[in-house]
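Residue numbers (this note's numbering), protein chains in the order written: chain A, 514 to 794; chain B, 4 to 311.
Simulated from the structure, these hints should not be mistaken for laboratory data.
Even glycine gets a Cβ: it sits at the ideal position worked out from N, Cα and C.
There's no promise every hint is true.
[What the hints assert, rightly or not] Just a sample of chain B residues kept apart from chain A, beta carbon distances all over 12 Å, derived:
1) Phe31
2) Arg66
3) Tyr216
4) Thr236
[Stated by the list, open to error] Derived lysine-lysine pairs resembling DSSO-like cross-links, with alpha carbons at most 30 Å apart:
5) A/Lys790 - A/Lys674
6) B/Lys195 - B/Lys218
7) B/Lys195 - B/Lys219
8) B/Lys218 - A/Lys674
9) B/Lys219 - A/Lys674
10) A/Lys674 - A/Lys693
[To be verified] In silico contact screen, one side only, chain B against chain A (beta carbon under 10 Å); selected entries:
11) Leu20
12) Ala34
13) Phe154
Single-letter residue listing:
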Amino acid sequence: MLLVQRRQFANAVVLSLSGLAALAGLFMLAWILGDVALKGAAAINWRFFTELPAPPGMAGGGLANAMVGTLLMTMAAALIAVPFGVMSGTYLAEFGQTNPLGHVVRFLADVLVSAPSIVIGVFVYLVMVKPMGHFSGWAGACSLALIMLPVISRTTEEMLKLVPPEMREAALALGAPYWKMMTGIIYRAAATGILTGVMLAVARVAGETAPLLFTALNSPYWMEGMNEPMANLTVALFNYAMSPYDDWHTLAWGAALLITMVVLAVNVFTRLILHAKRRLW
Amino acid sequence: MKNAKNRPWGDTLFQGLTTGFAAALAGFFIALIIVLWYQSRPSIHQFGFSFLTSTEWNPVTERFGAVIPIAGTLLSTLLALLFAVPLSMGIALFLAELAPHWLRAPLGTAIELLAAIPSIVYGMWGLFVLAPLMADHVQPWLQAHFGFLPFFAGPTMGIGMLTASLVLTLMIIPFISAVTRDIFLMVPQPLKEAAYGLGCTTWEVVRDVMLPYGKKGIAGAIFLGMGRALGETMAVTFVIGNAYHLSWSLFAPGNSIASTLANEFTEADGTLYLSSLIELGLVLFLITFIVLGLAQTWVRRGQTRGKQ
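With the rest of the complex left out, here is chain A (with noise of 0.2 Å):
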């Protein structure tokens, strides 16, 4: 075989295998969303959104309650974590672009963003779980919190520093003071951007189970309060898939489909507006 043949050969080799691969993601998404849209839809019904899980043996029953309680700690985690995310996010966009507490702070973000998931469950545990002596829905917020605390201050900066110079030198040459020009002008040029962050973390956490394993437990019973053990779609999903009960497995894959659509759904639909903003810019 001539050199020119040989080379060409090892081209079209490693091209289709580049192909090849790319095929294969692809597939294995199709796959993973098939069967659980398939599984789970089994246990989608009225029930599945309304009722409290049945004890084992029983057939029907559904996760009301798990919903409900990932809603609420899903919640208090943002309203905890998002002003938190945004102040530190604004340090690192604005006052600590240079500096070493800048640098420290930013690396430490970046290394937590993917840092695992379980051992801040621990650290909650021993922090809050720990000395209150009981489990509750507080300390599953918090840790929820802490996931997404580097999350949002990471976006923040980047989307603070995608606001075009000219608005804030227009706004200084008025004579605003910073604090003037950032609240009144810079925030909300970067809201969406912003929005989406805190929607992508909100997503992220949505689905997280092992932080909540330690914190908020799991409940068969609806929930009187933050300040007790609380059911959550995954803890809930981790225990019935674990079980040998068949109904509590469709539940399981119904609560896994229910997870997956919400999760799925968010980051489509943030990337949508991300993308009609660069758009426009």
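Following the hints, put chain B in place on chain A, whose structure we already have.
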């Protein structure tokens, strides 16, 4: 900003507040390490260095050694990287260079959506779909053809180290391929055009121009995936088998640090048991910190280089 004279008090307050919140973020990180270390003192005091060298994990006799979970964590992660890195490179290359332009954005989004699926869904899918498939078809086939290797010995149960690694592979592919694609896209066009102009094939441009140019960033991407895999909990807990013994066989059930924590933390009675689990968590956190720290440094260096 540096000029403090005549500065409105609102600005001082604003800067002070944001600085406080940023410092609190760093403080949280430090608190995390201190709390974990403080609470694992009983175990550190009792076992000392032997915690990292002993294979015994026995809650009844209260002897705890971390070798099996640590080895399980490292083995499952390395296997996952072995599968995921070539696949991710292929996907990244396809997304950055080969795919027709109209296909790039939707395909890239699809791959990134793989990263958005919650890990517990991967775990459940692994347990109910992948594990039976492994037990009935893949593992018997491997045993029939490569059974002479110690890696493929033993009963084919489906759950175990190999299945856990495969689920991890699926989970880290989107991370590695998305970052690698971005690195590929940052290679300056003139460099590539120069190589094409000399008559290089696409593969030669990738091998001799793009890979060398982006090698730091790609190493960072791989370490990012590694950091994810090391700490992944739910996907692994479902399918790794949760057994404390070392085996050459990849079919055998094992344990990772994260799955040990997930299974035993709420059941741990006794200070020594709990503190050993906390020390395990500390070990995991320190390992991932090092891996992710390297990843961040390299990815950032790869990106700033591309911008110049």
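Unmet hints by their number, sorted upward, for this structure: 1, 4 and 13
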